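Undergrad: So the chains spell out like this:
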Amino acid sequence: MLRLEGLSKRYKTGDQALTDINLVVPNGQVMALIGPSGAGKSTLIRCVNRLVEPTKGKVFLGDLELTKLGSGALRRARRKMGMIFQEYALVERLTVMENVLSGRLGYVGFWTSWTRKFPKKDIQEAYRLLDRVGLMHMADKRADQLSGGQRQRVGICRALIQNPDLLLVDEPTASLDPKTSRQIMRLINELCAERGLAAIINIHDVLLAQMYSQRVVGLELGNVVYDGPPDGLTPEVLTRIYGEEDWEATIEKVEDEDEDEIGEEIDAISSPTKPEQKTIVASGES
Amino acid sequence: MPLIETSDGPMWRRRATKKQLLIWLGWLVGIAIATYAWQLISEKTIWFFVEDAPRQAADIGTRMIPPKWSYMNELWRPVWDTLNIATLGTVIALIIAIPVAFAAAKNTTPHPLVRAVALFIIVSSRSVNSLVWGLILVLIVGPGVLAGTIAIGLRSIGFCAKLLYEGIEEIDHTQVEAIEATGASRAQQMLYGIVPQVLPTFAGVGVFRWDINIRESTILGLVGAGGIGLELNGSINTLAWTQVSMILLVILVTVIISEWVSARVRGAII
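Top line first, the protein sequences correspond to chains A and B.
Quick note: the first sequence, position 168, residue 299 per the working numbering, numbers continuous.
Quick note: the second sequence, position 111, residue 1533 per the working numbering, numbers continuous.
To be clear, the hints were calculated from the coordinates, so they are not data collected in a lab.
Heads up, some of the hints might be wrong.
What the hints assert, rightly or not - Output of the computed footprint for chain A on chain B, the stretches with three or more beta carbons under 8 Å from beta carbons of chain A: (1) 1437 to 1443; (2) 1493 to 1504; (3) 1601 to 1613.
As the list claims (entries may be wrong) - Estimated spans, in silico, between C-beta atoms of each pair: (4) A:A204 / B:E1592: 51 to 59 Å; (5) A:R141 / B:S1549: 51 to 59 Å; (6) B:L1621 / A:R207: 24 to 32 Å; (7) A:A270 / B:V1683: 48 to 56 Å; (8) B:L1444 / A:K143: 36 to 44 Å.
None of the values given here were measured: they were computed from a predicted structure.
Glycine included, C-beta positions come from ideal geometry on N, C-alpha and C.
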């Protein structure tokens, strides 16, 4: 469980990115964080694992207060928070396997990471995860040889091999085409369900947010202006988050496709053998 | 303002009138200075020698031909020395330049004070030519290959460290951030996030500098710091022109080979 209490962030430039955010994300909940560019979505998730230092407020992961940890304890706490990035943020010149194993760096010493002699258990888990996302055959390829969707799946493996309690996901689909975006969002959703993970997903695609989350939080200029179920995103709510616009079309389309997605996911779950084929077949129907 | 309102609509020009005039003035002053300097040089030149120059050049040229091929037997050793000076000097420089570069790069320096010291090392190494380093070192460690190696090394630290730290500063920070987010220590972030990104730069800079050092070490002998330059100096002093041409030929071949090797290595890395 993640708890934010009165979280605020003011950058040195004077920009107030977040103002007094209070949120509780229970275990197993996938929460979408929506809002216009510059609303503070990225800042919020970076304040959780303190890649950005919050100026005020507290962050708790379970009973642990992250905001008062020293650097060593913070590093240990970060192991329990997997992060997935917009531009994948894979180390381009390392292989897929090295990228996945880098998720275990917090658990191994310097020499182990230097010589790449990771424990057998970690290596087996890495192969299992790669197989799960359908990239087993890519393990020895260099990361820069992969397509966008493949890279993001490697990014997901890197986050999951940490064996986290929480996933912080920053615009996972912003650089992907619509079909791949859905595959990735579906994959993140399935994996969260499998492991009972809590997740915060920053996303500026309202449609995807509605399709793949149990809860939507709307940010505007660093303030929470909506917190509720995905189907509560009425034109009025969207106007409050993003400003005046004709929202009817967006919302109608969502409801249609939402039903398709549910059907697909049932198909997907009933054929659990080959993950890659499964996702391709499933999205082919949409 | 570049935007000018005219009767038939707005006009746009690259520069405002005042700025344009200033630029013309700058050109005028520049040309005036160049002309004056030309005149000064002309006054201090002994034109008799200049008129004689083509004949003198032709004279030395004929004395250089044919090169004294048998002299090659005495040149193998100095060529070997020259290669060693360049290679060892580059290796020493890289070993020192890598930590200096990490200390000088804004994103990896442990402290601004350390950065200032690192930048000072870079500047002071770069501001002294390797011939000058050679002169000083011949006095300190005595003439020979050792002085040459250290001179090349000292001169190369600044060059390598500067290019390396610029390479480090240009890396993609999100890749490092992603490694940091896994709970990796600073040393591990360096190992997984930074080193893979700068490795091609490191190799490229090393080979490039080695290529330059081959050329520099051929003249270090002029100040007594070992290598083939020592023979060159001796041959010029004794007016043994056929030996001089042989040495120049050997230097040319060495440089061509080193250039070829460095091009191949750089091609393989990138």
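Undergrad: Indicate, hint by hint, whether the structure satisfies it.
TA: Hint by hint, here is what the structure shows:
no.: 1; hint: 1437 to 1443; verdict: violated (count 0)
no.: 2; hint: 1493 to 1504; verdict: violated (count 0)
no.: 3; hint: 1601 to 1613; verdict: holds (count 10)
no.: 4; hint: A:A204 / B:E1592: 51 to 59 Å; verdict: 33 Å, violated
no.: 5; hint: A:R141 / B:S1549: 51 to 59 Å; verdict: 43 Å, violated
no.: 6; hint: B:L1621 / A:R207: 24 to 32 Å; verdict: 29 Å, holds
no.: 7; hint: A:A270 / B:V1683: 48 to 56 Å; verdict: 34 Å, violated
no.: 8; hint: B:L1444 / A:K143: 36 to 44 Å; verdict: 38 Å, holds
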